[in-house]
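Residues per chain are reported as follows:
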Amino acid sequence: SQKIEQNSEALNIQEGKTATLTCNYTNYSPAYLQWYRQDPGRGPVFLLLIRENEKEKRKERLKVTFDTTLKQSLFHITASQPADSATYLCALLGGSYIPTFGRGTSLIVHP
Amino acid sequence: DVKVTQSSRYLVKRTGEKVFLECVQDMDHENMFWYRQDPGLGLRLIYFSYDVKMKEKGDIPEGYSVSREKKERFSLILESASTNQTSMYLCASKAPGQGTRVNEQYFGPGTRLTVT
Numbered sequence: 001s002q003k004i005e006q007n008s009e010a011l012n013i014q015e016g017k018t019a020t021l022t023c024n025y026t027n028y029s030p031a032y033l034q035w036y037r038q039d040p041g042r043g044p045v046f047l048l049l050i051r052e053n054e055k056e057k058r059k060e061r062l063k064v065t066f067d068t069t070l071k072q073s074l075f076h077i078t079a080s081q082p083a084d085s086a087t088y089l090c091a092l093l094g095g096s097y098i099p100t101f102g103r104g105t106s107l108i109v110h111p
Numbered sequence: 001d002v003k004v005t006q007s008s009r010y011l012v013k014r015t016g017e018k019v020f021l022e023c024v025q026d027m028d029h030e031n032m033f034w035y036r037q038d039p040g041l042g043l044r045l046i047y048f049s050y051d052v053k054m055k056e057k058g059d060i061p062e063g064y065s066v067s068r069e070k071k072e073r074f075s076l077i078l079e080s081a082s083t084n085q086t087s088m089y090l091c092a093s094k095a096p097g098q099g100t101r102v103n104e105q106y107f108g109p110g111t112r113l114t115v116t
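Listed in order, the protein sequences are those of chains A and U.
Residues in the first sequence are numbered from 1 upward in steps of one, following the numbering used here.
Residues in the second sequence are numbered from 1 upward in steps of one, following the numbering used here.
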């Protein structure tokens, strides 16, 4: 069955450092991959989309990579700030355009 | 800005009660979704709808039904609430993906339902 893995342990980093979150998947060949941010008690908010034929996508301090050979996406936040603390979800999409979400990884940025 | 609203932020119901969760979006989106989110299990799709009066089962439809009588409104119904339906319920909407166009989902704030 399809499986999406995100690190269940929280990632703790110091302000100013680069945060790197991982999304691995198996038994799936997604055409697209999305990343969302979710704050406690709120719904997820879309951040970035990357297509299978794109290796890398950037938006301000965010960078996403998509390696279909490794079946992995990496999500980077450079110059991290305490306001970046949240849970980050990856979502995989095939031709139906209906996303399947990972469980998310919590990021805590310490001042 | 797209806005997705849900009728309640917090709801407490008793076992066996019929529960209605309402979701409204203001962007004329065709697609609407209901998820539940539980610690350690992530977001799981209950039902979705491509258009008015259309509905499709998601991954965990058992114990739930939905209604979409108007394009902007998508309701989730728990016919007879049970304690294992205590969860955070999230509604989302999105414009349809066409060709290589993939659109993001817009989520509501969620309803935290407790069934006692």
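Be aware that a few hints might be false.
Below, computed lysine-lysine pairings styled on DSS-like, alpha-carbon distance capped at 25 Å [to be verified]: (1) U:Lys18 to A:Lys59; (2) U:Lys18 to U:Lys55; (3) A:Lys3 to U:Lys57; (4) A:Lys17 to A:Lys63; (5) U:Lys70 to U:Lys55; (6) A:Lys71 to A:Lys3.
Source of the hints: derived by calculation from the structure; they are not laboratory data.
A quick note: this is a predicted structure, and the numbers were derived from the prediction, not measured.
* To do: Measure nothing beyond the straight line between the CA atoms of lysine 18 (chain U) and lysine 55 (chain U); if it is 25 Å or shorter, mark the hint as holding.
  => holds (20 Å)
* 25 Å limit on alpha-carbon distance, applied to hinted pair lysine 3 (chain A) and lysine 57 (chain U) -> Holds: lysine 3 (chain A) and lysine 57 (chain U) sit about 19 Å apart, inside 25 Å.
* Is the hinted pair lysine 70 (chain U) and lysine 55 (chain U) satisfied, with a Cα-Cα distance of at most 25 Å? -> Given that 25 Å is the threshold and the Cα spacing comes to 12 Å, the pair holds.
* To do: Please work out if lysine 17 (chain A) and lysine 63 (chain A) have their alpha carbons no farther apart than 25 Å.
  => holds (14 Å)
* To do: Assess, step by step, whether the Cα of lysine 18 (chain U) is no farther than 25 Å from the Cα of lysine 59 (chain A), and give holds or violated.
  => violated (45 Å)
* Pair hint outcome, lysine 71 (chain A) versus lysine 3 (chain A) [Cα-Cα no greater than 25 Å] -> holds (11 Å)
The structure does not agree with numbered hint 1 stated previously, though it agrees with all others.
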